[in-house]
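Take a look at the letters that make up each chain.
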Amino acid sequence: MTNLDQASHSNWTIIFICWIVAVVSTLGSLFFSEIMEFSPCTLCWYQRIFMFPLVLILLVGLFPFDKSIIKYALPLALAGWGFAFYHYLLYSGFIPESLQPCNQGVSCSETYVDLFGFLTIPMLSLISFSTVVALLFILKRRLPK
Amino acid sequence: MKKQNIVLFSSIFLILLFALGVYMYKSQQAKKIGFMARENASIFVREYSQTLGSDDAKVYLVEFSDPACETCSAFHPFVKKLMAVNPGKIKLVVRYAPFHDGADYFVKILEAARKQNKYWETLEVMYKTQRYWASHHKPQPQLIWKFLPSAGLDLEKIRNDMNDPEIVKLIKQDLADAKTLNVRKTPGFFVNGKPLTSFGYNQLQKLVEAEINENY
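Going down the list, the sequences are from chains P and Y. Okay, so the first sequence: first residue is 72 according to our numbering, each after it adds one. Okay, so the second sequence: first residue is 882 according to our numbering, each after it adds one.
These aren't lab readings, by the way, just hints derived from the structure by calculation. Among the hints, erroneous ones may be present.
To be verified - The calculated EDC-like cross-link candidates involving lysine to aspartate or glutamate, where the alpha carbons are at most 20 angstroms apart (straight line), are: (1) Y:Lys-996 with P:Glu-105; (2) Y:Lys-883 with P:Asp-76; (3) Y:Lys-912 with P:Asp-76; (4) Y:Lys-907 with P:Glu-108; (5) Y:Lys-1060 with P:Asp-76; (6) Y:Lys-1060 with Y:Asp-982; (7) Y:Lys-907 with P:Glu-105.
So that you can see chain P by itself, here it is in the shape it has in the complex (with noise of 0.2 angstroms):
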């Protein structure tokens, strides 16, 4: 009983820290938006659409837990990865600047953020994306079937 228990202590942490995640990056981008004022190209916007709603559906798979949240999250964040995984590829300069679909205002490849000397806004977002697919693939293999 008290296995079960803290299997379903440590299944309810993995979607906390989920929420955790879509929390921070969520505040981020709204820092880097409303406060640093960067407005945020089209790709990004694309991004925070995926992430946002994380922070609510994750929070109402939390009480009580509903396993189901996999079903519902995994598309967002996965979807959010894939353009996360895409702006990436722009930023660093795998794909050509000229294939990026951003209008003339906001550059989807110009850097406005580096810090540590490594860490740029597309980066952040895709290892957040990246931490999220990760942990619910994680609690979908550990939960039965």
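Following the hints, complete the assembly by docking chain Y onto the known chain P.
The following block gives chain Y in isolation, referenced to the frame of chain P:
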């Protein structure tokens, strides 16, 4: 700890962290710009910059504006009122940040109007009629011409003067200074080199009054 509390405390912690970040970023920006104001005042006022008000004024109100920007138009009467309430104490400096597509066209007209000594009249007419030629953030240059005669302008001369390459250079310099000063939205206000950190009529009035109290 109960799960609800863990989530509650994490939320409060993260929101406080965000607020702290906002506070630290804003004060660091103000410090940086204050440093630039002391070291290099010409970032705020270039020699060519159009100014309004007494040369003895001790409070310099620098406004980065865009003729096609609705908020700039809404702020203009307020700025005028601030100057009227404090006669001789405020000097308004107009800098350009034409962020709207095609807005530099209107800056060119303004600068051309300056050669006819009709700058402020033209600016007034532009802001008053803005909703007709720049509705929904889509400036339509051809529409402004029918409003310009009411500023008492010689339109033929404007059409010639507005192509002066000096104006293009001036806009470039203003945009470069706006970038240095972190102006990403218009209007961007600085009062004696201090940025308006929280945007609004009251905040601007307070900042101006604080500078007046300090200098008079």
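Regarding the pair Y:Lys-907 and P:Glu-108, is the alpha-carbon distance no greater than 20 angstroms? With Cα atoms ~12 angstroms apart, Y:Lys-907 and P:Glu-108 stay inside 20 angstroms; holds.
Given the proposed pairing of Y:Lys-883 with P:Asp-76, does the C-alpha separation stay at or below 20 angstroms? holds, 14 angstroms
Has the given pair, Y:Lys-912 with P:Asp-76, been kept, meaning a C-alpha gap of at most 20 angstroms? Outside the cut-off at roughly 53 angstroms; violated.
Hint check: Y:Lys-1060 vs P:Asp-76, CA-CA at most 20 angstroms. Holds or violated? Violated: Y:Lys-1060 and P:Asp-76 sit about 57 angstroms apart, past 20 angstroms.
Straight-line Cα separation of Y:Lys-1060 and Y:Asp-982 no greater than 20 angstroms? At roughly 17 angstroms apart (the allowed maximum being 20 angstroms), Y:Asp-982 and Y:Lys-1060 satisfy the hint.
Within a Cα-Cα threshold of 20 angstroms, do Y:Lys-996 and P:Glu-105 meet the stated pairing? Not satisfied, since the Cα-Cα distance of roughly 39 angstroms exceeds 20 angstroms.
Given hint P:Glu-105 paired with Y:Lys-907 - CA-CA distance at most 20 angstroms: holds, 12 angstroms
The structure is inconsistent with the numbered hints 1, 3, 5, although it conforms to all the rest.
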